[in-house]
Amino acid sequence: MDGFLNALILLSNFVIVPSMAYGSQLAIGALAVTLIYAILRFSDFAQGDTMAFGAMATILLTWVLQYWDVSISPLPTALLALPFGVLCTIALCLLIDRWVYRFYRRVKARPEVLMIVSVGVMFIYNSVVRFIIGPGDRWFVDGERFIITAREFKRLSGLSEGVAFKTTQGLTILIAFIVVAALFCFLNRTRIGKSMRAYSDNEDLALLSGIDPERVVRTTWIIAATLATIAGALYGLDKSFKPFTYFNLLLPIFAAAIVGGLGNPLGAIAGGFTIAFSEVALTYAYRKFLAYLIPGEWAPQGLVQLLSTDYKFAVSFVILVLVLLLRPTGIFGRKAS
Amino acid sequence: MKPSSRRRENMRVISMFAAMLAALVVVGVFQSWSLALAILNLCLISAVMALGVNIQWGYAGLINFGILGFAALGGVTAVLVSVAPVPAAWGAGGGGVIVALMISLATILAAVFAARRAPAGVPRKLLLAFIIIGGYFLTRAFFFPAVEAIEAVDPTKAGFLGGLGLPILLSWVAGGLLAAAVAWVIGKIALGLRADYLAIATLGISEIIIAVLKNEDWLARGVKNVSGLPRPVPYEVDLQQALWFQDWAAGMNVSPVEFSSIFVKLCYAGLFAIVLLVVLWLTERALHSPWGRMMRAIRDNELAAAAMGKDVTGRHLQVFVLGSAVVGLAGAMLTTLDGQFTPASYQPLRFTFIIWVMVIVGGSGNNRGAVLGGFVIWFFWVEAEPIGLWLTDLLTSGLAEDSGLRRHLMESAAHMRLMTMGVILLLVLRFNPRGLIPER
Amino acid sequence: MKKLLIAMALVLLASATASAETIKLGVLFGYTGPIESLTPPMAKGAELAMKEVSDSGALLGGAKVVSVRGDTTCIDSAAARAAAERLVTSDKVNAIVGGDCSGVTIAILQNVAMPNGIVMISPSATSPALSTLKDNGLFFRTAPSDARQGQVIRDVLKERGVKSAALTYTNNDYGKGLAHSIKTNFEKAGGKITISAAHEDGKADYTAEVGALSAAGGDVLIVAGYLDQGGKGIIRAAVDTGAFDTFVLPDGMIGESLPKAIGKALDGSYGTVPGTDSPGAAKLTVLAKKAGFKGGTPFTAESYDAAALLMLAMQAAGSSKSAKLKDKVMMVANAPGEKIYPGELAKALKILAKGGDVDYVGASAVELIGPGESAGNYREVLVKGGKITTVRYR
Numbered sequence: 002m003d004g005f006l007n008a009l010i011l012l013s014n015f016v017i018v019p020s021m022a023y024g025s026q027l028a029i030g031a032l033a034v035t036l037i038y039a040i041l042r043f044s045d046f047a048q049g050d051t052m053a054f055g056a057m058a059t060i061l062l063t064w065v066l067q068y069w070d071v072s073i074s075p076l077p078t079a080l081l082a083l084p085f086g087v088l089c090t091i092a093l094c095l096l097i098d099r100w101v102y103r104f105y106r107r108v109k110a111r112p113e114v115l116m117i118v119s120v121g122v123m124f125i126y127n128s129v130v131r132f133i134i135g136p137g138d139r140w141f142v143d144g145e146r147f148i149i150t151a152r153e154f155k156r157l158s159g160l161s162e163g164v165a166f167k168t169t170q171g172l173t174i175l176i177a178f179i180v181v182a183a184l185f186c187f188l189n190r191t192r193i194g195k196s197m198r199a200y201s202d203n204e205d206l207a208l209l210s211g212i213d214p215e216r217v218v219r220t221t222w223i224i225a226a227t228l229a230t231i232a233g234a235l236y237g238l239d240k241s242f243k244p245f246t247y248f249n250l251l252l253p254i255f256a257a258a259i260v261g262g263l264g265n266p267l268g269a270i271a272g273g274f275t276i277a278f279s280e281v282a283l284t285y286a287y288r289k290f291l292a293y294l295i296p297g298e299w300a301p302q303g304l305v306q307l308l309s310t311d312y313k314f315a316v317s318f319v320i321l322v323l324v325l326l327l328r329p330t331g332i333f334g335r336k337a338s
Numbered sequence: 150m151k152p153s154s155r156r157r158e159n160m161r162v163i164s165m166f167a168a169m170l171a172a173l174v175v176v177g178v179f180q181s182w183s184l185a186l187a188i189l190n191l192c193l194i195s196a197v198m199a200l201g202v203n204i205q206w207g208y209a210g211l212i213n214f215g216i217l218g219f220a221a222l223g224g225v226t227a228v229l230v231s232v233a234p235v236p237a238a239w240g241a242g243g244g245g246v247i248v249a250l251m252i253s254l255a256t257i258l259a260a261v262f263a264a265r266r267a268p269a270g271v272p273r274k275l276l277l278a279f280i281i282i283g284g285y286f287l288t289r290a291f292f293f294p295a296v297e298a299i300e301a302v303d304p305t306k307a308g309f310l311g312g313l314g315l316p317i318l319l320s321w322v323a324g325g326l327l328a329a330a331v332a333w334v335i336g337k338i339a340l341g342l343r344a345d346y347l348a349i350a351t352l353g354i355s356e357i358i359i360a361v362l363k364n365e366d367w368l369a370r371g372v373k374n375v376s377g378l379p380r381p382v383p384y385e386v387d388l389q390q391a392l393w394f395q396d397w398a399a400g401m402n403v404s405p406v407e408f409s410s411i412f413v414k415l416c417y418a419g420l421f422a423i424v425l426l427v428v429l430w431l432t433e434r435a436l437h438s439p440w441g442r443m444m445r446a447i448r449d450n451e452l453a454a455a456a457m458g459k460d461v462t463g464r465h466l467q468v469f470v471l472g473s474a475v476v477g478l479a480g481a482m483l484t485t486l487d488g489q490f491t492p493a494s495y496q497p498l499r500f501t502f503i504i505w506v507m508v509i510v511g512g513s514g515n516n517r518g519a520v521l522g523g524f525v526i527w528f529f530w531v532e533a534e535p536i537g538l539w540l541t542d543l544l545t546s547g548l549a550e551d552s553g554l555r556r557h558l559m560e561s562a563a564h565m566r567l568m569t570m571g572v573i574l575l576l577v578l579r580f581n582p583r584g585l586i587p588e589r
Numbered sequence: 244m245k246k247l248l249i250a251m252a253l254v255l256l257a258s259a260t261a262s263a264e265t266i267k268l269g270v271l272f273g274y275t276g277p278i279e280s281l282t283p284p285m286a287k288g289a290e291l292a293m294k295e296v297s298d299s300g301a302l303l304g305g306a307k308v309v310s311v312r313g314d315t316t317c318i319d320s321a322a323a324r325a326a327a328e329r330l331v332t333s334d335k336v337n338a339i340v341g342g343d344c345s346g347v348t349i350a351i352l353q354n355v356a357m358p359n360g361i362v363m364i365s366p367s368a369t370s371p372a373l374s375t376l377k378d379n380g381l382f383f384r385t386a387p388s389d390a391r392q393g394q395v396i397r398d399v400l401k402e403r404g405v406k407s408a409a410l411t412y413t414n415n416d417y418g419k420g421l422a423h424s425i426k427t428n429f430e431k432a433g434g435k436i437t438i439s440a441a442h443e444d445g446k447a448d449y450t451a452e453v454g455a456l457s458a459a460g461g462d463v464l465i466v467a468g469y470l471d472q473g474g475k476g477i478i479r480a481a482v483d484t485g486a487f488d489t490f491v492l493p494d495g496m497i498g499e500s501l502p503k504a505i506g507k508a509l510d511g512s513y514g515t516v517p518g519t520d521s522p523g524a525a526k527l528t529v530l531a532k533k534a535g536f537k538g539g540t541p542f543t544a545e546s547y548d549a550a551a552l553l554m555l556a557m558q559a560a561g562s563s564k565s566a567k568l569k570d571k572v573m574m575v576a577n578a579p580g581e582k583i584y585p586g587e588l589a590k591a592l593k594i595l596a597k598g599g600d601v602d603y604v605g606a607s608a609v610e611l612i613g614p615g616e617s618a619g620n621y622r623e624v625l626v627k628g629g630k631i632t633t634v635r636y637r
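Residue numbers (the numbering used here), protein chains in the order written: chain A, 2 to 338; chain B, 150 to 589; chain C, 244 to 637.
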């Protein structure tokens, strides 16, 4: 029995807990991508750098708060600064929408054109972030680091394996849960949320029934900016903030959104966790795990690793390509597209 | 098109290219000719690459964000063609690698066969899974020992199978062919997708290609890079020591050092210009042939073209393969000019998005526009740094020399590059969406 | 467009005429791209040495040294070549501090520096390929080649009784070369490397890598990466999950920022960093702090030393021309002569002016060997109480 428990704890420590946190971050980012796709009908390549911008705004205020000795220990100060980051990012997104995207809606440009426009926006965000905060690695987490460390866990449980649970991981999962619940409430219960869904399902019909399209678009940007900032700040808290890594997040986020079916919020969440779990689970070496389950002489000698970690980042792309080929509308996608 | 409007367009093209040439001359006069020629060489390569993208996007409306992958395939071909083979490595594990590759090929063929022929339902799925998993582990069994043996052969200098030891110019053709072959496979599986899905899928597939090139050391040393590729033109240092060259330089009243660097760049420029003109001529011919008109008809209204019995997917595949081949050719040219192959340098920002900016700014659908775009954008990509420094200097000149803000901004000047690209792209898309030289 | 060009021409003209009495050193690093977070302090390190020399007024009768930065992007050799071409042929720099990543460094060396006969001293290109490359005596580096460090790490591991170790490396030529060197040396000495797995820099999530490393097991984890890139991410994830307690840190991982970022958990980890029994690194840290930047980040010391070597060689050659100074680099870098540490460049310049000889030690204990690269004297360090302490020299 101990063997089984140890194996389970081992897997939790290295696969389940980290993947849950990473998956939550991806899921929130993918939600933003998918919402923009559902309403504005294009794939937003600026998403990664929007997240970087939001995280940057949050960090700047966090530093100010830390300087003033404002703290909500044991929780990280960044949580206090998060609303400020969200407001900054909302302002930025609304400005960019007004100056850039609105024109293309008026002329009814093709989605491909909008996608290329978003590449231009990505360039600009990319350099703005570096102008303001620089390209370096920034570390802004404070407060209690762990909910429970591996060592404490071992002491309390008496098992030979421990599971560590970081505050930031706990926060990430908790906040992701709240955000998702709030978003679904919003989409299903409020008037504007319902009109967004109507607009997404059938634009012409929605317009006929008197929905103000600009209002829908504004709301979408506000929600997307909020999601992006939360995802970006949580990612920065959990790992560390460096502008370059946010650009690299773009493809996993797209993969998550597409795997779940672009335009489908539930799918985005499922996609985020699918990508995170498969990246970690496929490259994990199962030797120790199996050694706990299988008695002595049968235990495997090799690493029992399906794929070398060299190819870890290819995993999300492979899943992406497979899903596109086998089920282009995604796991939860609607039939027509 | 009316003759008068055609004349007007020709005038526009000529004046644009003249302005571009003038810009290079300005660099030559005020910075240095060597720099101007270095920029010109990359402009020529970028123009070829932009032509490849224009064939796909401009002719057929296909979005290929996987340019980096095809450029890298061209680059690795330059290594595989030009580097001398490493007999010790072949002896150590060449056979094993070949066997492993055969097994994986057989696995794929068997899987495809099973998917087509076996009766549908659960047994087919089981059979497929069995073939794929079995093939994977069988391949691994041969592959890993062979690779380990190869990589153990003099790892600091070799550790790979080497190439064919042929002249590097051959790789330009071979690079195009390899890119075309891979494009055929990718196109076969991905071209049915909607536009933005295709973009993301090609980007994803290209990242996989790069991951393979980075991690398969036995092929081209992976991240350890292959440097010192043979050159199709003489070395500057040899020229500087050759008597005839010193006389020639003396006759022109320039130092042999400066002249050798200019001379070599001119040689490259000549080679690249020939390739560019040939590709441009071929693409223009294709565009104005019935095939080109059909392509554009498909692009403008896919449904109508399909209704008229045109094979839309088949045409798309053709155009995808052709465009990718041109990109592969340009990739091989770039590696030749660099004299080395560094797989880590293939980043989406530089090898996908910038090339796209070239095509959009130049004029989608117009080959001469794509060429001009390649020139203009590469020029700004390189000159954005000095211009950015100068602009920041000017804008902050009111601040004290050691003011923190000024110092911060001066140090960030390198990031002006992406800002410039973003602003140019957005301005063109907004105010001149058909580009500098619009499609006819 | 036209206006811009005219304006550009004017500024270029202005910058060309303003350069009469000054020596220019190119500082070619990747200010954008994957190592953009490492390069600003490196450039500041090089510029610190230039300022020191300019302020002293002792170089070649009071010459001022200014820095001209160029962006290599670390990965795009085409852009790097264009930047180098601009520095060499337009700004007419006398010599170059750089490049940074081995790939672009080779591209610049072969395509720009060699044709124009310009000396390059790279602080960070560690690829063994650079040792054997034909360079006409123009290329030097203040970073040691990776081959030597593998032997040093093997000795350290053996003495500490380590029998097995997991190994992770940053997926570039530095990481791969070093990992190979460590693995072959350690296994020859009877040790066991349980796994040798790459990690990519700039990706921030390293759970999967740490999972695999931990499953393979080992007494210690050797992290051949960079301390503000993936290397730090790996250690943090390993500490957080309790996968490893002790880490072995090669040179790219040694710096004060690492114990600060990781905290108590890093105590007891040990590593190696180029150096002899010299106070140089500490002196540079003090100087850097005064100048307002961190001196302890990777390759900052090497960058300071690269710039200092160039200027000392100019003084020894009595000329700021690359063709002359290239023969003096080895002389000023090596014994015999008076030992020179950071902050003492003025003293060195004066000795050289009088025809004396110096042995530049600098911040990274420079000792150049055979093909113009650092000899590889190493300092074994131990992290104790959040500080990096010296155990002994090897």
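No wet-lab data here; the hints were simulated from the structure. Treat the hints with caution; some may be incorrect.
Straight-line alpha carbon distances no greater than 16 Å define the calculated EDC-like cross-link-like pairs of lysine to aspartate or glutamate that follow [said to hold, decoys possible]:
hint, chain 1, residue 1, chain 2, residue 2
1, A, Lys195, A, Asp213
2, C, Lys582, C, Asp602
3, C, Lys537, C, Glu499
4, C, Lys507, A, Glu145
5, C, Lys426, B, Glu407
6, A, Lys155, C, Asp488
7, C, Lys426, B, Asp303
8, C, Lys503, A, Asp213
9, C, Lys335, B, Glu407
One-sided and incomplete, this derived list gives chain B residues near chain C with beta-carbon spacing under 10 Å [stated by the list, open to error]:
hint, residue
10, Glu365
11, Leu368
12, Asp449
As the structure is a computational prediction, the values presented were derived from the model and not from experiment. From the three backbone atoms N, C-alpha and C, an ideal C-beta is built for every residue, glycine too.
The hints, checked one at a time:
1. Lys195/A x Asp213/A: The given pair, whose Cα atoms are some 12 Å apart, holds under the 16 Å limit.
2. Lys582/C x Asp602/C: Answer holds: Lys582/C to Asp602/C is near 5 Å, not above 16 Å.
3. Lys537/C x Glu499/C: OK: Lys537/C and Glu499/C at ~9 Å, within 16 Å.
4. Lys507/C x Glu145/A: 14 Å, holds
5. Lys426/C x Glu407/B: Judged against 16 Å, a Cα distance of about 46 Å means the pair is violated.
6. Lys155/A x Asp488/C: At roughly 15 Å apart (the allowed maximum being 16 Å), Asp488/C and Lys155/A satisfy the hint.
7. Lys426/C x Asp303/B: With a Cα-Cα distance of about 15 Å, the restraint between Lys426/C and Asp303/B holds, given a limit of 16 Å.
8. Lys503/C x Asp213/A: Violated: Lys503/C and Asp213/A sit about 53 Å apart, past 16 Å.
9. Lys335/C x Glu407/B: 12 Å, holds
10. Glu365: Where the cut-off is 10 Å and the nearest Cβ of chain C is about 12 Å from Glu365/B, the hint is violated.
11. Leu368: 14 Å, violated
12. Asp449: 31 Å, violated
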